[in-house]
Amino acid sequence: MGVRSRPGKGSAKPADKGKAHTEAKPETPPPVSRLLWGKVLDKTYELTPQEALNASHWLRQTIAVAFGTIFGVLQLTGAPCVMTFILAGAMLPPVLLSITNEIDAEEISAVGSIQTEGMMPAFALFLLSWILSYTVCLPPASS
1 MGVRSRPGKG SAKPADKGKA HTEAKPETPP PVSRLLWGKV LDKTYELTPQ
51 EALNASHWLR QTIAVAFGTI FGVLQLTGAP CVMTFILAGA MLPPVLLSIT
101 NEIDAEEISA VGSIQTEGMM PAFALFLLSW ILSYTVCLPP ASS
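Yeah, the sequence shown ends on 143 if you go by the UniProt record's numbering, and it's all consecutive.
Simulated from the structure, these hints should not be mistaken for laboratory data.
The model shown is predicted, which means the values in this text are computed figures rather than measured ones.
Keep in mind that a hint or two might mislead.
What the hints assert, rightly or not - Restraint-style ranges between C-beta atoms, simulated for each label pair: (1) 127 with 38: 28 to 34 Å; (2) 127 with 49: 27 to 33 Å; (3) 102 with 62: 30 to 36 Å.
Glycine residues also receive a C-beta, built at the ideal position from the N, C-alpha and C atoms.
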């Protein structure tokens with residue numbers, strides 16, 4: 001009876017004798033066209049329901065930062081600003097996704113609602129960017 005060596009202890013199995021040892025290459029990032037925004041903007045690519053929800057979420061976060069910063073820089077305050085953001089945040093992502101990718105809302109409703117995906121984090125981000133930009137752009141108090 002021969003002695004069997006364990007795999008990983010330096011000996012190769014008989015089938016592996018002629019093959020060179022190859023190291024695993026690090027994963028390369030996908031091309032830009034296959035990233036989420038590339039998929040959203042590519043009219044020929046058909047988004048899966050999960051990708052559509054992810055796109056809706058990140059689009060809503062982008063809208064939140066943009067609206068919060070604009071309202072803060074313009075020194076706008078009050079409920080009309082909040083209502084404007086809520087309406088824009090609820091309506092723009094589904095409309096933009098339906099225009100760019102012809103997304104059917106009924107397909108996505110099985111996975112989750114595209115209208116509410118990421119709305120609460122977006123609202124918090126809107127308030128944060130609004131308050132910070134309002135405070136930074138506030139004129140100095142005269143004494």
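Here's how the hints hold up against the structure:
{"no.": "1", "hint": "127 with 38: 28 to 34 Å", "result": "holds, 30 Å"}
{"no.": "2", "hint": "127 with 49: 27 to 33 Å", "result": "holds, 29 Å"}
{"no.": "3", "hint": "102 with 62: 30 to 36 Å", "result": "violated, 21 Å"}
When held up to the earlier numbered hints, the structure conflicts with hint 3 and nothing else.
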